[in-house]
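Got chain A; can you put chain B on it based on the hints?
Residues per chain are reported as follows:
Protein chains: 2
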Amino acid sequence: MKATAIANANIALIKYWGKRDKDLILPYNSSISMTCDGLWSKTTVEFGNYDEDTIIINDEELKKDEKDVLGHLHRIKKMAGITKNTKVVSESNFPVAAGLASSASGLAALTLAATSAAGLKLNEKELSMLSRQGSGSASRSIHGGFVEWLKGAEDDGSDSYAKQLADKKYWPDFRMIACIVSEAKKATSSRAGMAQTVSTSPYYDGWLKSIDKDLQHMRKGIHNKDFTLVGSTAEHNALKMHATMMTTKPAIIYWALATIEIMHAVMYWREQGLESYFTMDAGPQVKILCLEKDVSKITKNLSELGGVKKTIICKPGDGAQLTKEHLF
Amino acid sequence: MKATAIANANIALIKYWGKRDKDLILPYNSSISMTCDGLWSKTTVEFGNYDEDTIIINDEELKKDEKDVLGHLHRIKKMAGITKNTKVVSESNFPVAAGLASSASGLAALTLAATSAAGLKLNEKELSMLSRQGSGSASRSIHGGFVEWLKGAEDDGSDSYAKQLADKKYWPDFRMIACIVSEAKKATSSRAGMAQTVSTSPYYDGWLKSIDKDLQHMRKGIHNKDFTLVGSTAEHNALKMHATMMTTKPAIIYWALATIEIMHAVMYWREQGLESYFTMDAGPQVKILCLEKDVSKITKNLSELGGVKKTIICKPGDGAQLTKEHLF
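Residue numbers (my numbering), protein chains in the order written: chain A, -16 to 311; chain B, -16 to 311.
Some clues are possibly wrong.
No copy is singled out in the list; a pair is fine if it fits within one copy or between any two copies.
[Said to hold, decoys possible] Mimicking EDC-like on lysine to aspartate or glutamate, the simulated pairs with C-alpha atoms at most 20 Å apart in a straight line are: (1) K5 x E275; (2) K61 x E109; (3) K283 x E254; (4) K152 x D301; (5) K232 x E254; (6) K(-15) x E35.
The set of hints was computed from the structure by calculation and includes no laboratory data.
So that you can see chain A by itself, here it is in the shape it has in the complex (with noise of 0.2 Å):
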């Protein structure tokens, strides 16, 4: 009745952005992203004779009025058929909820190790199914290395989960350099934001009609290991997910001072001939895509600018797992 799972953050090339089903985490638009393994979520999770439900997350015990993650805990109860209370005992290597996709890795690993300890015996799919109704990214994290959400058509869900489009080892230079600009947690969450977005933004619309372009061009990039296309797409792809925040009421502006200054030196470097890329996603940090060739210098200009507080290095990294090192 325990076990423990570590789960990689995922960062989108393709962003995930709104909800057509609110309960179940179905999304308007499929999505792709990197597995990263450099930025983990590890899960304890122990059915026994606790008093109550508690769920730890970095030394800090969960409000009862954070409600995702708990309800998550209880769909999975209830699916296994367990009464006992639980202890949940989760730490990650980065900030959490500062748009460095920890729901994605808390989430999945939460899947997996509560789960394993109910004795569910869940396949891959089955899992990402899951996780997203956790947290619709969560559904990627399931897999390692590049993946696709799949939007699916079905009311249900049942054809809405993440699949491995290339394993870890496939693209093994890929690199993707975590800027951390602030710790703080961003006033406006994803779930917020995006909700927002879908009832108020006049550029939703153009969102999603532009958005099938984006997903082939980054699964051809992906299958061509064609980096130019893959960071050009990602970039522009991000940039537009942010355009449609900027324009809801009231409007949604994640960017730090620090935010554009990266932006800017990636676009000066790459007319430099240092080719790399920016992605944001819902919070002020900036994740530049590059190659593995070009990480020192682009880590040393990084260094010079004024406003990065910490680089994190990512390569394509390993999907959920169980581990034997509990957390209790």
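Using the frame of chain A, we list chain B on its own:
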């Protein structure tokens, strides 16, 4: 054969973005602006026995490859049947081509001075239409106060001109604080930026579909002197314009670090009850909309931000006028 005109720049509250006819400068959408008393261009035109056409802007002779101003001068000479060469001297009290609408004031002043020197008697509608062909936004600088440039529907541009919504005395406590964050000439001209937007942004369609609502809100806001409606509509519209640019291929990102710094500051002040809104044109400068009673508090707050080099406080200003004070 010599005349001098002074014209104020105007800052759009609802932006002009995208041309349906590049030669006649006919826009896809109507726009609304405030003519700013603090940002002027003064231009003296003389037709005489000069060896060639010479145009001096802010003490610098215009290069022969900068066709816009010269082309406009030739248009007016042709209209008036003038064959003599021309000397033009123009000066502005603010940085040229950095997103402070220098082409609007410059081309409006040139149009009025040149037609006057040529002995043409044009009414304001004709002056606006003619100025429009030099630079679209110049059509609005012919008038003072709050101005709408009607997009028109005719192919020949005969119904595309600016009209005054309210004169400069109508809303005397309305203010616009132009925050200069960079005096560098921008990398992408407005003209190139909007052409690239129309041809490559997946959001340009959403811009056009949502513009009528913005125009309605702005007309209503000005009519009712509803500062909240004017400000929030202007801010939303500016963000929409910048959002279209970010999604072009390649992306156009006019914002500097200080641009974002001021945007966040304005949003924060508003949360604290200090009502103000921002708007940005095709450049990094931010223009803050506020009421006179809050100017001193806002300028004090601005002085505490790192990136603001200079502020210029504008109230609704006059339209283009002839003056006896020649520049040579």
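Here is how each hint holds up against the structure:
1. K5 x E275: neither (39 Å within a copy, 45 Å between copies)
2. K61 x E109: Intra 16 Å, inter 75 Å, cutoff 20 Å: intra-copy only.
3. K283 x E254: So K283 and E254 pass the 20 Å test inside one copy only (17 Å; across, 39 Å).
4. K152 x D301: within (9 Å within a copy, 67 Å between copies)
5. K232 x E254: between (35 Å within a copy, 15 Å between copies)
6. K(-15) x E35: Within one copy only: 16 Å inside, 89 Å across.
Consistency note: the structure conflicts with earlier hint 1 alone.
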